[in-house]
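Kindly generate the complete structure, drawing on both the sequences and the hints.
So the sequence lines, in the order shown, correspond to chains A and B. For reference, each letter of the first sequence is one residue, going 1 to 262 in my numbering. For reference, each letter of the second sequence is one residue, going 263 to 585 in my numbering.
Please note that a few of the clues may not be correct.
[As the list claims (entries may be wrong)] According to the in silico footprint, chain A covers these stretches of chain B (three or more CB under 8 Å from chain A):
#1 396 to 402
#2 505 to 517
#3 521 to 534
#4 563 to 571
Simulated from the structure, these hints should not be mistaken for laboratory data. Heads up, the beta-carbon is just placed ideally off N, CA and C, and yes, glycines get one too.
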Amino acid sequence: MKILVCIKQILDPDSPLTLEKSGSEVIPAGKTPYRMNHFDEYTLEEAFLIRDAFPGVTVDAISVGPARVQTTLRKALELGADQGIHLRTAGDQLMPVETAAHLAGYVRDQGYDLILTGAMAEDDMAAQVGPTLAELLDWAAVSFVIAEKLSPDLKSIYVEQESEGGLREAFSVDLPAVLSLQPGINRPRYPRLSQVLKARNQHLTVVAVKEAVDRAVQEASRRFLEPPRSAAGVILTGTPREKAARLWEIITSKALEKRHEG
Amino acid sequence: MKDKMIQVLIEQSSGTISRASYDAVHCARGISAGDSERVGLIVASDDPAPLARKLAAETGLDVTALQSAHLASSEALKQALTTLLLERPSKYLCLPHSAAGCDLAPGLALRLGAACITGVESVRREGEEVFFLRPVFKGKFYEEVQTSPQTTVLTVLPGMVKDVRFPASPGEVTVVAAAAGGPGRIRALGRVAAREDDYDLSLAEVIVAAGRGIGALENLPLVEALAALFSRSALGASRALCDLGWLDHKHQVGITGKTVAPKMYLACGISGTAQHLAGMRGSPCIVAINRDPGAPIFRVAHYGIVEDLTTFIPLMLELTEGE
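Here it is as structure tokens:
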């Protein structure tokens, strides 16, 4: 049984970022690193857990993008992926439907049974690649999966989908299928030193891909903006001690029940 | 059935309309610039007529009741909606940005030859032009997208509105039978029984919530000590913190956690993703403490404090010792 995990390399959203002048892209403000989308770390781990439970399962990692994404694929190998596949694009900023089209083009004759993606990427937050890829391949797909169990005959998979309020809907899904996984489905492992050393010399499969989608069908324009201004908020000023005193005043003014009163 | 420029898929579970559906209707209203004649609702199930009538009465909008036995399966629903929308083309289809909405939207868009914009927070109109605003990079920036002239499938983030009533006479209900078909490759097995939940965030007067920005598990007791100042307080958390395993998911506030509106919400080291904000922005007094002045939580906070928690909370505790 072959599992493919889709990995995205992103600009770390928790590091300083700024807008390119025309608003055409979000760019680093200083030494902002590229790293693996956190959602994908859980997804890789889930694939490893399936491999641990079912002998004969292989886990490949794939990423679409320019040359830089290879560092993140290498990280997937360090964590334990069997093979790394890089679909190299000329462009840098891909729409979800373009990424999905590149993936579908490669995956079609590779004999995968299960494709896993993160529920979304932390940069574009679109949650589209998984279901779009499934549609292009004509496979079944389930988003926001928070638990899975592969059937012993490897023909279907039981999944629980997380919906509003943390409620769960259960489905039985025929393979091949694409699942988009929620973080929190497991606790990702730390890389083992032996695996890290091994990954250093491991071969990456690199496939150059050409533009796959007519962008004009999708959108007329796109630009990035600073977040809309807050309506009424006050940022407290002064020394930390003054701010603490002011906050305590605010709390007191709200007549909330404090511990010593109750 | 009249042709509608904008259709909204209403999500329901045993006759109850999901909260996220209201946001989708609100978004449709924004696209239509308030012209309710141009907005139609779709409700799909094995027996959609009663809910369709209720919706038509409540909202004043026309409702299409899509009826078939297997619409709990996303594949059957996708096929039924494709057929409906190919026969009755709309310029916009709004879905809730829920698990089910995200299952449907990309495939529907491909089948309809439409653009797909997910996670839309608001709509801006400029004359006849419509722009969609969606958070990116965990809410630190926004993306404004204008789609090309044909059809656009949208998913709309929940949590912005509570109610949508159009002051009008009841809308018209049309029942449409979807083509019969099997459930396909995805068979719905029903809702998983909720696990024992011994932590009730909804009763708290004050919720002190922790996010990944607390930096280390060792700093969690500081947040707990802050919560302990109040007699009716509870400990909340962001999804990111729960996913790290620092607190159980029963503490989680947000779309996939609890929705809360305590008298005071104290967010400690929470960046404020759209998913989190949707669960707490209704609180009458929101205080945010975060080291990062760019954190989106400050946009909804009534009082913001840009400080490191490990120095600020001890100062707070020190102040209250004398009380």
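Do the hints match the structure? See the list:
| no. | hint | in the structure |
| --- | --- | --- |
| 1 | 396 to 402 | holds (count 7) |
| 2 | 505 to 517 | holds (count 5) |
| 3 | 521 to 534 | holds (count 4) |
| 4 | 563 to 571 | holds (count 7) |
Against the hints set out earlier in the document, no violation occurs for any number.
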